[in-house]
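Residue numbers (the numbering used here): 1 to 159.
Hint data in this document are derived by calculation from the structure and do not stem from the laboratory. Everything numeric in this text was worked out from a predicted model, so none of it was measured. Every residue, glycine too, gets a C-beta built ideally from N, C-alpha and C. Check each hint, because a few of them may be wrong.
[To be verified] Taking CB as the label site, the calculated pair distances span:
| id | residue 1 | residue 2 | range |
| --- | --- | --- | --- |
| 1 | 123 | 158 | 16 to 24 angstroms |
| 2 | 42 | 120 | 37 to 45 angstroms |
| 3 | 133 | 87 | 16 to 24 angstroms |
| 4 | 41 | 112 | 51 to 59 angstroms |
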Amino acid sequence: MGLMQAHNRQGKHQRGGLRAGLRICGSVENGGLIEYFFGKYGKRCLKNDGFVQFLRCLCCILDLESAHYSYKLRGSISARDFALSMVASAGMNHLNKLLDGVDEIPNQPHLCDIRITCEEFRSFVELRRRLQPFSLALFSCGEVNGLLTKEDFRRAASQ
């Protein structure tokens, strides 16, 4: 594998298997969104209009992802395609196990005909985004013995 990564299709050697154009040698901590929001040197202030525009673009990206999986632009995606979209954001440690589960979806009679609408897709993405803060709120609201009451659950959900 390493030998294959070290050469491109034209037979030229590459630096450590990376693409020839990649020249990242330092920290990328201040790159990406931080640089986009605050400028190259981090001195610019984030304006509300710019952030709102970014969020609108993010919603467009979700629409594009759901349209990518939508067969003949039906406005819905299959359960298998929905699962593939979810697996795409999973950690590498669990990838094989999750992909095996996705491959089993067509064999499950209660899952093979399910269609997920774009609105349901977006709602699930929102739920996934809020899951970690919710789990932290559950942990902080729980009793010392680790058991949650109905009131603990309601209090955590409202935070």
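Can you list which hints this structure breaks, lowest number first?
The structure conflicts with no hint, since it agrees with every one listed earlier.
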